[in-house]
Amino acid sequence: MAHAYTPGLKVAEFSDIEKLRRLPLLGEVLVNLKDRVSATQLVARTELPGKVYPMNVAGELGLNKADELPQFMLKKEGESVKKGDLIALKKGFFGLFKSEFYSPVDGTLDQISKLSGQVVFSELPIPVEINAYVEGNIDQVIDKEGVVVKTQGVHIQGILGLGGEKYGEIKMAVSSSNQLVDIADIKPEYKGKIIICGSRITSEALNKAKEIGVIGVVVGGFDYQDIRNILGNDLGVAITGHENIGLTLILTEGFGTIPMADRTFKLMTKYEGKMASINGATQIRAGVMRPEIIIVHNEKPDESGSKNYAESGIEPGDLIRVIRSPYFGKIGKVKSLPSELHKVESGTWVRVLIAEIDGNDVLIPRANIEVLEK
Amino acid sequence: MSKEVTTIIATDCGSTTTKAILIEKVGDEYRQLVRGEAPTTVEAPFEDVTRGVLNAIMELEELATQYYARDEMKSSKYYNKPRKFVEKGQILRPKRDNNGVEEGCDIYISTSSAGGGLQMMVFGVVKAMTAESAQRAALGAGAIVMDTLSINDGRLPHEKIERIRSLRPDMILIAGETDSAKPKHVISMSELVKSARPTPRLGIGFQLPVIYAGNKRAQNEILEILNDSTALSIVDNLRPELERENLRPASDKIHDLFMEHVMQQAPGYDKLMTWTDAPIMPTPGAVGLIIQKIGERDDINVVGVDIGGATTDVFSVFKLEAQDGTKVQKFNRTVSANLGMSYSISNVLLEAGIDNIMRWVPFETDEHELRNRIGNKMIRPTTIPQTKEDLDIEQAICREALRLSFIQHKDFAVGLKGVQQQKGIAEAFDDASSSDTIVKMRDLNLIVGSGGVLSHAPLRSQSAHMMLDAFLPEGITNLAVDSIFMMPQLGVLSDVDRPGCAQAATEVFDKDCLIHLAATICPVGLAKEGKDVVRVKADLPNGTKLDQWFKANEVIRFDFERGIEVDFEIEPAKGFDVGAGKNKKVVTKLSGGVVGLIIDTRGRPFNFSKDFKGRVEMLDKWNISKTYVPKSNKDGV
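Chains A and B, in that order, give the protein sequences. Heads up: the first sequence is residues 6 to 379, going by my numbering. Heads up: the second sequence is residues -18 to 618, going by my numbering.
Only chain A is shown next, with the shape it has when bound in the complex:
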């Protein structure tokens, strides 16, 4: 049997979802195993060390050798200090010509180095708090590090995103998946919402969305060149998620004007008004991370007739979408999967499938399609 597997992005109406919520440094877990948590509820907390200020105190005191420093220190390592506190003093002859050093910050004296003569101060720690991100149950508690939240619901992966985690209400900004969203389509009532657009959003519209306080934009396509307008630089390697652009942008299909996949659009329409957790973080490398949209619910849909493509591969009759020119974005039905190599227009010999697209049978490299899960 001809066997083909093509990775597709997840577009599931009902899926088991697990989210690891982990602190960047060890800290305190605020919830217990099996607790029900809301998306915005804090689950763990820690403190990041504050800004660090290494100061050449030996130099300031005019010491000849760095290892003389400890004898002139008035504070010890680990002691708290206030800005302006006298922390080192070298008395001169008969109290004259004394040298002093005062703390530059409110915080802690971290380190006294007799190797370099430096004293390291750090500002007060910065609290870091992590919320649950999705509504669900605490399935695992990792001591001092975080938790695993387990839930169920819609789980959609986008192709590329910018910006981090957001939580808000889904709002349709278009009535059709192939509609372009321009500046006039962005309305004040979208403030605080995650808006669902069609085939593309212009950079002017995106900027307006940002201005009025839209927290997330989910759209089929976006112009690659427009990324520079919002980031201030080109995107070389697709490792995103930390951009501070005011909102989170998720592309479901790719660069250019591409209608949002029908299934994604229908799910968004069905769940309009519901709360969603979104994250634009993307890493297109091994251990790939794609942006995501999660809408928690517990109504399991009828999945009879659905198929696990990961196990069986593609077969005649399956619905596919083409992800490269010349049929980029078209939906088709697989008619056959010939096992021998075929030559395509570029002259390349590849494994292909024959699909019916717009009433015609066309030859497409198997690598250039993705399966549309039923």
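Hints are supplied without guarantee of correctness; some may be wrong.
30 Å max Cα-Cα, derived DSS-like pairs, lysine-lysine [said to hold, decoys possible]:
| hint | chain 1 | residue 1 | chain 2 | residue 2 |
| --- | --- | --- | --- | --- |
| 1 | B | Lys163 | A | Lys81 |
| 2 | A | Lys340 | B | Lys65 |
| 3 | A | Lys348 | B | Lys369 |
| 4 | A | Lys176 | A | Lys15 |
| 5 | A | Lys80 | A | Lys56 |
| 6 | A | Lys88 | A | Lys56 |
| 7 | B | Lys165 | A | Lys81 |
| 8 | B | Lys563 | B | Lys300 |
| 9 | A | Lys56 | B | Lys108 |
| 10 | A | Lys56 | A | Lys149 |
| 11 | B | Lys65 | A | Lys348 |
| 12 | B | Lys163 | A | Lys95 |
| 13 | B | Lys602 | A | Lys348 |
| 14 | A | Lys88 | B | Lys165 |
| 15 | B | Lys526 | A | Lys340 |
| 16 | A | Lys155 | B | Lys252 |
| 17 | B | Lys300 | A | Lys56 |
| 18 | B | Lys55 | A | Lys348 |
| 19 | A | Lys95 | A | Lys56 |
| 20 | B | Lys526 | B | Lys565 |
| 21 | B | Lys607 | A | Lys348 |
| 22 | A | Lys70 | B | Lys165 |
| 23 | B | Lys591 | B | Lys607 |
| 24 | B | Lys108 | A | Lys119 |
| 25 | B | Lys163 | A | Lys80 |
| 26 | B | Lys492 | B | Lys532 |
| 27 | A | Lys96 | B | Lys163 |
| 28 | A | Lys103 | B | Lys163 |
| 29 | B | Lys165 | A | Lys119 |
| 30 | A | Lys96 | B | Lys165 |
| 31 | B | Lys252 | A | Lys15 |
| 32 | B | Lys165 | A | Lys87 |
| 33 | A | Lys340 | B | Lys62 |
| 34 | A | Lys70 | B | Lys163 |
| 35 | B | Lys612 | A | Lys348 |
| 36 | B | Lys165 | A | Lys103 |
| 37 | A | Lys119 | B | Lys163 |
| 38 | B | Lys369 | B | Lys602 |
Don't read these hints as lab results, they were simulated from the structure.
Chain B: place on chain A using the hints.
Structure of chain B alone, referenced to chain A:
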């Protein structure tokens, strides 16, 4: 003694595609029979590299069954019988007899580059000196250098610490001060690192690897400062004297950690390790082995390149004269971590600039559209060009990725003893190191290309042309390509200690892997339109008698098969050099390849026409594929 190995399955798990080959003993010789490939499955839903391996091997089953169903295979025990290599999600190994049908393979081996980049921060004392040396060491080892910090980089200490914390590098390299200096700055920099209390990007349970390659007099102090809070490695100073760089110890240490890092990140790698009959070798390591073997066996200077989805690896083997006058071969390897044809394709656009890409595109295209196409390849990395336009764009990007990677390689491969470099005091302040490179183009005998875009170009002439444009060979140089991208697998096979494996690696390499493309003659000098550049005299095996002057700005191809050596007289025009020095004639024997003989009179360097129409006319005139008729109708398969 163990039984002779007759059926070998080998895979290479690339960052985009997993390639599988079947090698079998047919009669008395080993041959590579069929190849299969499948997308590498590090993405959801599998997140398990072994699934891609099984999918690629299942393709082998189908294609091998078809192979043995042909009439000419009637004498084989496998004739008209289904070949089976996979059962219940496992590779069948060793072979078994299933009612008279032999199933499975004798050994399974694999290489892997599935993973990603290593993200590093480097520290040096002076920005233009040790910091730059440290950066070169990191780049040469394949790292992505996220930031380079130095004492004089204009940032305040707390800003540097914030930077370490926010970037969360996978590794830090600290260098600085010569070995004769009184330790000072390297100590305060190490204290800075300690104060940042950095945690690795992946896994907060691990300590961050820090490599110290600075002033050796400070090693004890560095140990005292960093040993408890980081996973510290101390290696030799990468700038022991102001005039000398010694990058190799630091680079090797980074490279070791890079490989571990890549492997650890690839999901399913642990499972794959239990399947293979030999340790999984990193793809660049395996390709490097093969390139070294070519250089040693044929006693030539070789440059090899493997252009992948995420990275481009460049290898070189050059003969150098040792201090005692003997010739030694020096091997160098660089990994350009963010230059590749899928995951890193947008970064090629960023680094090369749109104009440099567009200059190779032989049709009018909207820049906006071009950027979208490149972006879409990045986010859907496993797709392949179906249209001629898409192919032209990918081949344009390939030229730039190769060009930039080769520049990085030349910058890295410097010095009398490989990576060591002698510089005058004045030169030490000058960062133009490529002039010191040991990669001397006029001494280069062979360039070998590997990787999907070169190995699978629809026409071999396209592969030759991409390599010619990207590497700009000088004088007389041969071009070759890894036929179907199997050098990594053969590299690891050559190292397997089982009866038949070394023989299989050598035979398959000679008969099926290395395809000699062309002999190239590329005079060096400034080519002026309409002027003579070189006169070539030779009687080619197909009856063509060459005895003519070639004018400037042409790329001309002649059929000239490999196998018969032909006497050539190559006389440069005044001011040109074909390898023996300016204006000096070269009399030599040459052998061609499947593409033939290429005479490139564009000069070095050469310039493009500034207007679009002129540029397209130039590209058309230089297009050697127009006259190329492949011997096989599946030339690049």
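*Holds or violated: are the alpha carbons of A/Lys70 and B/Lys163 at most 30 Å from each other?*
13 Å, holds
_Proposed proximity, A/Lys56 with B/Lys300 (alpha carbon, max 30 Å)_ = 52 Å, violated
*Please work out if B/Lys163 and A/Lys95 have their alpha carbons no farther apart than 30 Å.*
Measuring from Cα to Cα gives roughly 26 Å; hence the hint holds.
*Verify the proposed pairing of B/Lys612 with A/Lys348, using a straight-line Cα cut of 30 Å.*
Roughly 16 Å between the alpha carbons, so the hint for B/Lys612 and A/Lys348 holds.
*Between B/Lys252 and A/Lys15, is the straight-line Cα distance small enough, at 30 Å or below?*
Roughly 25 Å between the alpha carbons, so the hint for B/Lys252 and A/Lys15 holds.
*Straight-line Cα separation of B/Lys163 and A/Lys81 no greater than 30 Å?*
This hinted pair holds, its Cα atoms lying about 28 Å apart.
_Would the hint linking A/Lys88 and A/Lys56 be met if the CA-CA limit is 30 Å?_
At roughly 14 Å apart (the allowed maximum being 30 Å), A/Lys56 and A/Lys88 satisfy the hint.
_For a C-alpha distance cap of 30 Å, please report whether A/Lys95 and A/Lys56 respect it._
27 Å, holds
_Hint check: B/Lys591 vs B/Lys607, CA-CA at most 30 Å. Holds or violated?_
Holds: B/Lys591 and B/Lys607 sit about 24 Å apart, inside 30 Å.
*asked:* What's the verdict on B/Lys65 and A/Lys348, does the C-alpha distance respect the 30 Å limit or exceed it?
replied: Holds - the C-alpha atoms of A/Lys348 and B/Lys65 are around 27 Å apart, at most 30 Å.
*Hinted pair A/Lys96 and B/Lys165, Cα distance within 30 Å*: Distance of about 26 Å is within 30 Å: holds.
*Does B/Lys563 pair with B/Lys300 here, judged by a C-alpha cut-off of 30 Å?*
Between B/Lys563 and B/Lys300 the Cα gap is close to 23 Å, so the pair holds against 30 Å.
Consistency note: the structure conflicts with the earlier hints numbered 15, 17, 26.
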